[in-house]
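Undergrad: Chain by chain, the residues run as shown.
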Amino acid sequence: MYSEKEKAIIWLSLFDFLNAKKIEEILYLYNSPEFIFNGLKDEIKEIVGEENFTKMKDSLNINLLNSYIDSLNKDKVLCITYFSDEYPKKLYDLFQPPYILFCKGDVKLLKSRCFAVVGTRVPSSYGKTITSSFTKGLSENGFTMVSGLAMGVDKIAHETTLENGGKTIAVLGGGFNHIYPAMNQNLAKNIENNGLIISEYRPSVRPTAYNFPVRNRIIAGLCDGILITEAGEKSGALHTKEYALECGRDVFAVPGNVTSQKSIGTNRLLKSLQSALVMSFKDILDYYSISPINNKKSLKQLSFDEQIVVNYLKQEAMSLNDLHLKSGLEIKTLNSCLTTLQINGLIKKLPGNEFMISEQ
Amino acid sequence: MLSKTLSYGLYGIDGFPVLVEADISNGLPSFDIVGLGDTAIKEAKERVKSSIKNSGLNYPTNKITINLAPADRKKEGTLYDLAIAVALLSASGQVNIKEKFVFIGELSLDGTIRGVNGVLPILISAKKNGFKKFIVPEKNSKEAGFISDVEIYTLKNLRQVVNFLNGEEIVLPLLSSKFEDVLKSDSVYSEDFANVKGQASAKRALEIAAAGGHNVLMIGPPGSGKTMLAKCFPTILPDLTFEESLEITKIHSVVGQLDYNKGIITKRPFRTPHHTASQISITGGGQNAKPGEISMAHNGVLFLDEMPEYSRQTLETLRQPLEDGEITVSRANMTVTYPANFTLIASMNPCPCGFYGSKNGECRCTPAQIHKYLSKLSGPLMDRIDLHIEVDSVNFSDLNDKSVEESSSCIKERVNKAREVQLKRFLSSNIYSNAQMNHAQTKKYCQLNEESEKLLQTAFNTLNLSARAYDRILKVARTIADLDGELCILPQHIAEAIQYRSLDRKYWV
Numbered sequence: 001m002y003s004e005k006e007k008a009i010i011w012l013s014l015f016d017f018l019n020a021k022k023i024e025e026i027l028y029l030y031n032s033p034e035f036i037f038n039g040l041k042d043e044i045k046e047i048v049g050e051e052n053f054t055k056m057k058d059s060l061n062i063n064l065l066n067s068y069i070d071s072l073n074k075d076k077v078l079c080i081t082y083f084s085d086e087y088p089k090k091l092y093d094l095f096q097p098p099y100i101l102f103c104k105g106d107v108k109l110l111k112s113r114c115f116a117v118v119g120t121r122v123p124s125s126y127g128k129t130i131t132s133s134f135t136k137g138l139s140e141n142g143f144t145m146v147s148g149l150a151m152g153v154d155k156i157a158h159e160t161t162l163e164n165g166g167k168t169i170a171v172l173g174g175g176f177n178h179i180y181p182a183m184n185q186n187l188a189k190n191i192e193n194n195g196l197i198i199s200e201y202r203p204s205v206r207p208t209a210y211n212f213p214v215r216n217r218i219i220a221g222l223c224d225g226i227l228i229t230e231a232g233e234k235s236g237a238l239h240t241k242e243y244a245l246e247c248g249r250d251v252f253a254v255p256g257n258v259t260s261q262k263s264i265g266t267n268r269l270l271k272s273l274q275s276a277l278v279m280s281f282k283d284i285l286d287y288y289s290i291s292p293i294n295n296k297k298s299l300k301q302l303s304f305d306e307q308i309v310v311n312y313l314k315q316e317a318m319s320l321n322d323l324h325l326k327s328g329l330e331i332k333t334l335n336s337c338l339t340t341l342q343i344n345g346l347i348k349k350l351p352g353n354e355f356m357i358s359e360q
Numbered sequence: 001m002l003s004k005t006l007s008y009g010l011y012g013i014d015g016f017p018v019l020v021e022a023d024i025s026n027g028l029p030s031f032d033i034v035g036l037g038d039t040a041i042k043e044a045k046e047r048v049k050s051s052i053k054n055s056g057l058n059y060p061t062n063k064i065t066i067n068l069a070p071a072d073r074k075k076e077g078t079l080y081d082l083a084i085a086v087a088l089l090s091a092s093g094q095v096n097i098k099e100k101f102v103f104i105g106e107l108s109l110d111g112t113i114r115g116v117n118g119v120l121p122i123l124i125s126a127k128k129n130g131f132k133k134f135i136v137p138e139k140n141s142k143e144a145g146f147i148s149d150v151e152i153y154t155l156k157n158l159r160q161v162v163n164f165l166n167g168e169e170i171v172l173p174l175l176s177s178k179f180e181d182v183l184k185s186d187s188v189y190s191e192d193f194a195n196v197k198g199q200a201s202a203k204r205a206l207e208i209a210a211a212g213g214h215n216v217l218m219i220g221p222p223g224s225g226k227t228m229l230a231k232c233f234p235t236i237l238p239d240l241t242f243e244e245s246l247e248i249t250k251i252h253s254v255v256g257q258l259d260y261n262k263g264i265i266t267k268r269p270f271r272t273p274h275h276t277a278s279q280i281s282i283t284g285g286g287q288n289a290k291p292g293e294i295s296m297a298h299n300g301v302l303f304l305d306e307m308p309e310y311s312r313q314t315l316e317t318l319r320q321p322l323e324d325g326e327i328t329v330s331r332a333n334m335t336v337t338y339p340a341n342f343t344l345i346a347s348m349n350p351c352p353c354g355f356y357g358s359k360n361g362e363c364r365c366t367p368a369q370i371h372k373y374l375s376k377l378s379g380p381l382m383d384r385i386d387l388h389i390e391v392d393s394v395n396f397s398d399l400n401d402k403s404v405e406e407s408s409s410c411i412k413e414r415v416n417k418a419r420e421v422q423l424k425r426f427l428s429s430n431i432y433s434n435a436q437m438n439h440a441q442t443k444k445y446c447q448l449n450e451e452s453e454k455l456l457q458t459a460f461n462t463l464n465l466s467a468r469a470y471d472r473i474l475k476v477a478r479t480i481a482d483l484d485g486e487l488c489i490l491p492q493h494i495a496e497a498i499q500y501r502s503l504d505r506k507y508w509v
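So the protein lines, in turn, are chains W and U. 1 is the number of the first residue of the first sequence in our numbering; add one for each residue after it. 1 is the number of the first residue of the second sequence in our numbering; add one for each residue after it.
Be aware that a few hints might be false.
Mimicking DMTMM-like on lysine to aspartate or glutamate, the simulated pairs with C-alpha atoms at most 20 Å apart in a straight line are [stated by the list, open to error]: (1) Lys326(W) with Glu405(U); (2) Lys197(U) with Glu330(W); (3) Lys332(W) with Asp14(U); (4) Lys412(U) with Glu330(W).
Just so you know, the hints here were simulated from the structure itself, not pulled from any lab data. Values in this document were obtained by computation on a predicted structure and should not be read as measured data.
Pulled out of the complex, with its shape left as it was, chain W reads as follows (with noise of 0.2 Å):
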């Protein structure tokens, strides 16, 4: 089912030794990737080392590519290299594209039209509700959501596109079998269902450090776009942007809160003109040109104290306690107004019982 050509990708992709720039110079060294299970050249002692060099020999002697192969189908990971019809050309931007991704799940969804989020791992309870929103309406109005597979904003962006039942690609730092952090397991066997993930590394990688601002240029790759919720000033979100910046994609960033540690890495990049300043979803797809689609309830008609409540918040985020004592309404009226209001989505709860807008 590989043609010959991908399946010299597919052994070269067995080595750990060799990344994208050293696939790169051993393939020059041929006409044609196949070639390369004719015999191995001198030339690529130099590239790898000797000691590496006698392992591709051996490897090469005893042939291990097919049951490698097949116990890759055996796992449902198809592999997609930069020679197959299924490789998104998008990919060809960047300085050094991935050579194979293996992928699990609808690898259709490489060819569509992808959007990223990306941001810190420790959101801020602003960043989580500004990530939700953002991706929910990007989700809605026909945009695949890319997104790194870390905690925080990566994890709020693949949960909240599953929950609107839009479509999602993870793109990992590690192999299949070493999903990091394991807390997001279960995430990813549900976005290999719903969506797709895909990787550079073959599946028993374990990730290293290394591996995760390499793999940012993959998410910066695919994506028409990519969005920064909330980067702290070294978040590693801005490793994405380089990328992005690099292979011509565009950068959307919202800001802060001056006084938060956590907004520091968006807000610089604001203030240095590298990036657009959006507040809604909407502004990317105006950016875009896309009319969003009108599913907006019809809104209830809230009741008096109701409104009270909302005018209070629309003013500024308040914990329970500060709506009682500001508009003097009773801890019980409180407490099933409140309720009421967020079973309408109009409000929401953040931890430390306070209570917020959701959407202006």
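Mind docking chain U on chain W? Use the hints.
TA: Leaving out everything else, chain U in the frame of chain W:
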């Protein structure tokens, strides 16, 4: 000569009659006690011997055998001393027992009768078994005074007992004391909700908890007043009834934590075991299966501060008593069931560092750490806690606020009213608060009208409530309706109840 007297033993918190038989026969002088007594009973012979001698009575210098029947049942403690001494004196012809007395008391070497633990539970059981006349130590007179319709004589020493039995001294039976008088003179608490500034939402939740007997979990950053709120909680609990008070006193009497000067416990207990407390000290146990903290908290409050700090095993053992209101402690020596019907108040921080979601500090915990911290509380345990409340940290302006807060007695009045409604509702069943309803009873008493039903359904769909929340919400809504004086559960009651299920919802991490 053979002679018999009656005494009572303790098994758990119930008494059982013990027949003390004394036989004096010819032979070398000796003193044997048979009938599975512990060391304290074996040593009784020295006390009995000296006290008889020092009371100016004759100690028979023959072969003495004492049997404690039923002889196959283990007995412990010093409360048989008096019965043994009297049986001995009767066998040697120095005392003439005309009526059926139950003797309880420990003897001192000089013949004084010392106080013992567990007099109240013994009297209650004995009264139930039809015994009418008792001789108990004077020191235990306060607690004994609460048992009416029986003749209780409190005597000072062995000599007095002998004189009394022989009709040489007239002693009047103990006057029974009135529970209401003691209750009134003793209803002052040092804590009061009037001293807690702000925290209106937490107070409201505690009011609901007190009214319906619900268990509460308070979540909040350090310094937000969780402990203070919990300490005030007993002040709004409904007044003790005499029966409840007796139950509490029984347990405290068995453990030996009863104040002899008071004799009965009139305040709901508030127990705060430290989180290093062993599982045994919480549930009860030890060689002789003594009641633990949860039984000491019977009809009162068990407060677990920093709940996730307790060992997982300790927390899990709370599950069964929370459900059944009693705990069965099995030991090699005995298997006892102690009542353990308490309101659980637990407090915890939202994360290991305590500042997750707080305005006053930055949380430094990773999601994995928070997850691990919260997962200490297992689902089944959370299942038994009806109200989860989040307590905000208090800022300075609130503390400095001059406005007057509602006092505990105001809240208590409303609580008492709501309890009355419940007592009436559960007249035919053997429960007395909304929290104790089982699934069938919940179905029967918490019927929803169409509008409420719809609200609950949408809430479940939109707010990601877990299935276990369903019954809890109904019960709490029932209590809120009772507080409001409403017969039906209205939508606003359901809506409020939903606010108290924050841990069920997935926004938490």
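Undergrad: With reference to the structure, classify each hint as holding or not holding.
TA: Results of checking the hints against the structure:
Simply put, Lys326(W) and Glu405(U) have alpha-carbon atoms about 16 Å apart, close enough for the 20 Å limit, and the pair holds. Restraint check for Lys197(U) and Glu330(W): the C-alpha separation of about 16 Å stays at or below 20 Å, so the hint holds. At most 20 Å may separate the alpha-carbon atoms for a hinted pair to count; Lys332(W) and Asp14(U) exceed this at roughly 44 Å. Between Lys412(U) and Glu330(W) the alpha-carbon distance is near 18 Å, which keeps this suggested pair within the 20 Å criterion.
In summary, the one numbered hint that this structure violates is 3.
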